[in-house]
Amino acid sequence: MKKRGDKLNKKLLDQLHGLCYLAPSILGVSVFFIVPFGVVVYYSMIDGVGSHNFVLFDNFIKLFQNSAFRLAARNTATFSIMAVPLAVVLAVVLALMLEARIPLKSQFRTFFLSPIMVPVASIVLIWQVLFNMNGTVNEFLSVFGADKIDWLQSQYAQIVVLLLFLWKNLGYNMILFMAALANIPKELLEVADVEGASEAYKFFHIKLRYLSPTVLFVTILSLINSFKIFREVYLLAGAYPYETLYTLQHFMNNTFDSLDYQKLSAAAVVMAIVMVILIRWLFKAEDWFGKDVEG
Amino acid sequence: MKKKKPFGRAAIFLLCAIFAFLFLMPTVLTITNSFMAESEIVANYGMIFSTTSGGFVSKTVNLKFIPDKVTFEQYLSGLVKSPEYLLKFWNSVLLVVPIVLLQVAIAAVAAYGFTRWRGPVRSAIFFFYVILMLMPYQVTLVPNYLVAQRLGILNTRWSIILPGMFAPFSVFLLTKFMRRIPFSLIEAARVDGAGEWQIFTRVCLPQCRSALYSIAILVFIDYWNMVEQPLVLLKDADSQPLSVFLSNINSGEIGLAFAMATVYMVPSLLLFLHGEEYLVEGIANSGSVKG
Numbered sequence: 001m002k003k004r005g006d007k008l009n010k011k012l013l014d015q016l017h018g019l020c021y022l023a024p025s026i027l028g029v030s031v032f033f034i035v036p037f038g039v040v041v042y043y044s045m046i047d048g049v050g051s052h053n054f055v056l057f058d059n060f061i062k063l064f065q066n067s068a069f070r071l072a073a074r075n076t077a078t079f080s081i082m083a084v085p086l087a088v089v090l091a092v093v094l095a096l097m098l099e100a101r102i103p104l105k106s107q108f109r110t111f112f113l114s115p116i117m118v119p120v121a122s123i124v125l126i127w128q129v130l131f132n133m134n135g136t137v138n139e140f141l142s143v144f145g146a147d148k149i150d151w152l153q154s155q156y157a158q159i160v161v162l163l164l165f166l167w168k169n170l171g172y173n174m175i176l177f178m179a180a181l182a183n184i185p186k187e188l189l190e191v192a193d194v195e196g197a198s199e200a201y202k203f204f205h206i207k208l209r210y211l212s213p214t215v216l217f218v219t220i221l222s223l224i225n226s227f228k229i230f231r232e233v234y235l236l237a238g239a240y241p242y243e244t245l246y247t248l249q250h251f252m253n254n255t256f257d258s259l260d261y262q263k264l265s266a267a268a269v270v271m272a273i274v275m276v277i278l279i280r281w282l283f284k285a286e287d288w289f290g291k292d293v294e295g
Numbered sequence: 001m002k003k004k005k006p007f008g009r010a011a012i013f014l015l016c017a018i019f020a021f022l023f024l025m026p027t028v029l030t031i032t033n034s035f036m037a038e039s040e041i042v043a044n045y046g047m048i049f050s051t052t053s054g055g056f057v058s059k060t061v062n063l064k065f066i067p068d069k070v071t072f073e074q075y076l077s078g079l080v081k082s083p084e085y086l087l088k089f090w091n092s093v094l095l096v097v098p099i100v101l102l103q104v105a106i107a108a109v110a111a112y113g114f115t116r117w118r119g120p121v122r123s124a125i126f127f128f129y130v131i132l133m134l135m136p137y138q139v140t141l142v143p144n145y146l147v148a149q150r151l152g153i154l155n156t157r158w159s160i161i162l163p164g165m166f167a168p169f170s171v172f173l174l175t176k177f178m179r180r181i182p183f184s185l186i187e188a189a190r191v192d193g194a195g196e197w198q199i200f201t202r203v204c205l206p207q208c209r210s211a212l213y214s215i216a217i218l219v220f221i222d223y224w225n226m227v228e229q230p231l232v233l234l235k236d237a238d239s240q241p242l243s244v245f246l247s248n249i250n251s252g253e254i255g256l257a258f259a260m261a262t263v264y265m266v267p268s269l270l271l272f273l274h275g276e277e278y279l280v281e282g283i284a285n286s287g288s289v290k291g
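For the protein sequence lines, the chains are F and V, in the order given. Residue numbers for the first sequence follow our numbering, so the first one is 1 and each next one is one higher. Residue numbers for the second sequence follow our numbering, so the first one is 1 and each next one is one higher.
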């Protein structure tokens with residue numbers, strides 16, 4: 001009896017010991033993320049920080065009626081829907097291209113990855129030079145007789161930002177796919193070669209299967225990064241940019257300035273819910289796609 | 001099939017070269033243009049940034065890679081004549097260095113906790129970390145702001161450093177690295193009478209050296225270019241990092257902006273060139289959210 005108690009005690013002690021290692025991180029995450037997020041959820045359901053009356057969904061209804069929020073949500077969604085698939089597909093293409101036996105392979109890898117270290121401000125300067133009314137792109141296009149346009153103030157504004165997004169993120173995604181391609185069992189591809197399979201067959205029936213967990217991860221990553229594009233847009237076009245460039249982060253920032261906690265909290269909660277749903281959905285998709293290859 | 005390959009490879013090489021040019025161009029332009037005299041900058045870009053200072057302004061914009069005359073004028077005026085930029089640079093260092101060091105240190109300990117002790121509770125916590133890691137700033141900034149306000153650290157460096165210390169990104173990545181350490185190694189150390197802390201510091205950490213380095217680089221690059229957090233949490237312009245301040249350089253000083261952007265790029269560039277292998281390894285290992 002005593003012996004068993006000892007064993008149990010030891011196990012418990014061991015568990016507690018393990019907890020000690022997690023404690024600093026969990027404590028910090030609790031203080032800086034979890035508890036305040038609880039407060040945010042609470043704020044999103046009361047009518048004012050002064051009065052604390054519980055109003056449940058009023059703030060959310062008001063938020064969805066807010067035209068600035070709707071515009072921001074729509075723009076953010078549109079941008080992500082354009083940017084994420086492109087960031088995934090083009091990164092796969094780059095990774096496949098670097099699989100070929102070509103000279104300067106590792107240099108190309110370095111070059112493609114290099115945009116991650118360039119300060120935002122200098123990218124923004126270059127992009128202004130390129131896409132200004134009198135910028136390089138217009139110069140170039142005028143050779144073909146195109147009219148000059150102010151790209152950032154036009155219906156193409158999102159495309160300009162999309163190019164910036166791809167420029168910045170493709171290298172990172174490409175590295176992820178290169179790693180995944182390197183993990184495909186060589187025997188499998190050799191067998192396919194012997195059997196006379198075409199490149200296209202090998203890609204769709206073998207490589208893509210093994211890439212699927214990475215495809216989903218890169219999708220999540222690119223989704224997050226597509227929300228971060230605010231950084232560049234803000235520096236390119238300021239707090240109140242051309243209509244299609246007004247993103248959720250603009251909305252949040254401008255709401256910060258007016259200190260409307262209810263609106264801010266409701267927006268944060270909505271976004272968190274959307275993210276959790278999206279991530280769960282992508283995880284499910286990963287399970288579904290990855291079930292017949294051992295990942 | 002085999003016969004077609006050389007042509008295919010040449011085409012791929014050409015495509016890669018075009019991509020490489022497009023990817024490198026902004027970086028190279030920033031660096032070379034930082035060596036241009038202000039008059040040359042005005043002549044080239046005057047049309048865009050509408051400077052009022054006279055002199056020759058080209059009708060069209062000139063995207064030029066090579067300066068007519070290499071000069072350090074911009075660096076001189078940015079770094080020597082006014083202390084402002086150095087001060088902002090120093091602000092960046094004061095923000096980013098503590099975040100990198102403390103985030104990695106706290107993450108190393110936590111990753112060991114996630115590696116050595118498993119169980120449903122721990123898996124749930126780990127999954128929660130993944131979700132938190134994937135949350136966009138738009139969601140986490142509001143909680144950060146509230147805490148900073150409550151703790152009275154709003155508009156101080158700590159409002160950015162403290163949440164940065166506990167960001168779950170490093171925990172996630174390091175756990176994935178540590179789980180690869182062969183169990184036999186840990187078991188052997190235990191048989192030799194090593195305690196958990198000794199196993200952690202003497203066995204685990206040395207095994208993870210390259211991982212620690214690659215994560216530190218990734219975290220550094222991420223925070224070195226931060227804009228959102230200081231914009232919301234540090235209203236005081238004097239304590240803002242250079243990453244935010246660079247963008248406020250007024251349009252009459254484009255040459256200066258190029259020069260200061262180049263200066264700002266130097267730390268990440270050195271880390272990048274020195275640790276590229278580690279960086280690639282670090283990114284490659286972040287490849288899947290699970291396991």
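FYI, nobody ran anything at the bench for these hints, they're computed from the structure. Possibly wrong hints are sitting among the right ones.
To be verified - Derived list of chain V stretches under chain F, where covered just means 3 residues or more per stretch with a C-beta under 8 Å from a C-beta of chain F:
1. 67-81
2. 91-98
3. 171-177
4. 181-193
5. 267-273
What the hints assert, rightly or not - Derived, one-sided and incomplete: chain F residues facing chain V with beta-carbon distance under 7 Å:
6. TYR21
7. LEU181
8. ASN183
9. PRO185
10. ALA239
11. THR244
12. LEU278
13. TRP281
14. LYS284
15. ALA285
16. TRP288
Unchecked claim - As a list, the in silico SDA-like pairs of lysine to any residue whose alpha-carbon atoms are at most 20 Å apart:
17. LYS176/V x ARG157/V
18. LYS176/V x ILE220/F
19. LYS228/F x LYS176/V
20. LYS176/V x LEU231/V
21. LYS176/V x TRP158/V
22. LYS284/F x PHE127/V
Note that CB positions come from ideal geometry on N, CA and C, so glycine has one too.
Check: What hints, given by number in increasing order, does this structure fail?
Finding: Failing hints, ascending: 1, 2, 3, 4, 7, 8, 9, 10, 11, 12, 13, 14, 15, 16, 17, 19, 20 and 21.
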